[in-house]
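Asker: In case you want the letters, here they are:
Protein chains: 2
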Amino acid sequence: MRERTCAIIVIGNEILSGKVQDTNAYFATRELRKLGVTLKRIAVVPDELDAIAEEVAYCAARFEFVLTSGGVGPTHDDITMEGVARAFKRKLVIHPELERLIHQHFADRVNAAGLKMAEVPDGAVLNATHDLRFPTVQLENVYILPGIPQIFEPKLLALAGRFATDPYYIHVIYTTAGEGAIAEHLNTCLKSYPDLMLGSYPRVGDPEYRVKLTLESKDHDYLERAFSHLLELLPKEVVVKTE
Amino acid sequence: MRERTCAIIVIGNEILSGKVQDTNAYFATRELRKLGVTLKRIAVVPDELDAIAEEVAYCAARFEFVLTSGGVGPTHDDITMEGVARAFKRKLVIHPELERLIHQHFADRVNAAGLKMAEVPDGAVLNATHDLRFPTVQLENVYILPGIPQIFEPKLLALAGRFATDPYYIHVIYTTAGEGAIAEHLNTCLKSYPDLMLGSYPRVGDPEYRVKLTLESKDHDYLERAFSHLLELLPKEVVVKTE
Numbered sequence: 011m012r013e014r015t016c017a018i019i020v021i022g023n024e025i026l027s028g029k030v031q032d033t034n035a036y037f038a039t040r041e042l043r044k045l046g047v048t049l050k051r052i053a054v055v056p057d058e059l060d061a062i063a064e065e066v067a068y069c070a071a072r073f074e075f076v077l078t079s080g081g082v083g084p085t086h087d088d089i090t091m092e093g094v095a096r097a098f099k100r101k102l103v104i105h106p107e108l109e110r111l112i113h114q115h116f117a118d119r120v121n122a123a124g125l126k127m128a129e130v131p132d133g134a135v136l137n138a139t140h141d142l143r144f145p146t147v148q149l150e151n152v153y154i155l156p157g158i159p160q161i162f163e164p165k166l167l168a169l170a171g172r173f174a175t176d177p178y179y180i181h182v183i184y185t186t187a188g189e190g191a192i193a194e195h196l197n198t199c200l201k202s203y204p205d206l207m208l209g210s211y212p213r214v215g216d217p218e219y220r221v222k223l224t225l226e227s228k229d230h231d232y233l234e235r236a237f238s239h240l241l242e243l244l245p246k247e248v249v250v251k252t253e
Numbered sequence: 011m012r013e014r015t016c017a018i019i020v021i022g023n024e025i026l027s028g029k030v031q032d033t034n035a036y037f038a039t040r041e042l043r044k045l046g047v048t049l050k051r052i053a054v055v056p057d058e059l060d061a062i063a064e065e066v067a068y069c070a071a072r073f074e075f076v077l078t079s080g081g082v083g084p085t086h087d088d089i090t091m092e093g094v095a096r097a098f099k100r101k102l103v104i105h106p107e108l109e110r111l112i113h114q115h116f117a118d119r120v121n122a123a124g125l126k127m128a129e130v131p132d133g134a135v136l137n138a139t140h141d142l143r144f145p146t147v148q149l150e151n152v153y154i155l156p157g158i159p160q161i162f163e164p165k166l167l168a169l170a171g172r173f174a175t176d177p178y179y180i181h182v183i184y185t186t187a188g189e190g191a192i193a194e195h196l197n198t199c200l201k202s203y204p205d206l207m208l209g210s211y212p213r214v215g216d217p218e219y220r221v222k223l224t225l226e227s228k229d230h231d232y233l234e235r236a237f238s239h240l241l242e243l244l245p246k247e248v249v250v251k252t253e
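Protein chains in written order, with the numbering used here: chain V, 11 to 253; chain H, 11 to 253.
Bound-form chain V, shown alone (with noise of 0.2 angstroms):
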């Protein structure tokens, strides 16, 4: 199967400023891994119109889908649909099917900032599941979805079934050996196998290892055969745990 590429821009200065910290990144992250998408880019953007709109069109023309997070609120600063209108060169139009949404969720509490919501880029269209209130809106290849966790996490989910493609499969070797003293072996080991995602993290102030091996690739024998190989690399005293 093709790779499928994405990239997530998380908007809002509260992020910038740390007043929050942003979760919806690392969600996002190891959900989109678990279904085999890889994942590109993350950019954080403050709340303006051509920062949005600079970045959505940067990753909308490179990658094969971008998920935004924060900004759809109702208030002053919540201008994520008009950055992304801006980047693909559209107007803001009301949603007739979201207008109606919002009168039905918010009866007679619905004012001038409520329907706010119901604006979206125009030729957007809407991702509804039967378990979300309020459907995902997509503008060509984006998805835009809230900032507050509690939300952007099941929206995010609720998409799931369209993002997955086929996995990656992964070995880890642990060793108690230093970065310096093995990057040979790892440089030897890519050398025959170009392809595997050879991964070197280095763990400060653990007893039981020094650095983290990862090795991943798509394909299953090749990874099978490139773990063994970078095994016999390795001098055995330093191996202390495999997976």
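The hints are simulated quantities; they were obtained by calculation from the structure and are not laboratory data. There could be a bad hint or two in this list.
Note that the list lumps identical chains together, so a pair holds whenever it fits in one copy or between two copies.
[Unchecked claim] In silico lysine-lysine, DSS-like type, Cα no more than 30 angstroms apart, as pairs:
1. K99 x K126
2. K201 x K126
3. K228 x K29
4. K251 x K126
Place chain H on chain V using the hints.
Answerer: The following block gives chain H in isolation, referenced to the frame of chain V:
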């Protein structure tokens, strides 16, 4: 005092694949805020030369300074130095002082992989302080920090003095009203105080409040006037606490 702007670039496939959760960006975000620096962008990019070079060039041209995190160890996927060099159209050179420090620290354990850590973009300078084992490499307005949090954090703190500028003043209002109910009051307040940085953060499932409003400015008196004005606009019964 003038505004100082900054971007953070996190480099590493391990972050984008969810194998490691980045903590450096959030740590830096809070430290920069304390220093009065305006963080305008966070980007997480893969261990790919073009992706690193393109993001570094983008940020270095737009913001006063840039911090990078990750990709500076001895292994095959540590290509941040090369990426930064490419962004500024420089070549990589061995820095004699770094080479000396590596020989001093690793003694007879130095190999080719270890010496790779002495390579820097041509023209880079070293920022040394007495409490750091290795100085922080800087090229133009880009500071190149390692990804391991136990090294990233002290290196950033050692640089803090040169980044500091005038701090933000802040007030917080906690309200039991929903965003939709107060959005128009926020807009009214912003008409009178257009330079106010006004944030509105809904919280789900907290019995104490539904929306946290943050008011910020580098001008203390301006902030006080805007804070009083917004408190007059909001219905008294929805304000549960102010800070």
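Asker: Work down the list of hints and note, for each, if the structure agrees.
Answerer: Hint-by-hint comparison with the structure:
1. K99 x K126: Cα proximity of K99 and K126: one copy only (19 angstroms, versus 46 angstroms across).
2. K201 x K126: between (56 angstroms within a copy, 18 angstroms between copies)
3. K228 x K29: between (39 angstroms within a copy, 16 angstroms between copies)
4. K251 x K126: between (55 angstroms within a copy, 28 angstroms between copies)
Of the hints listed earlier, there is not a single one the structure fails to meet.
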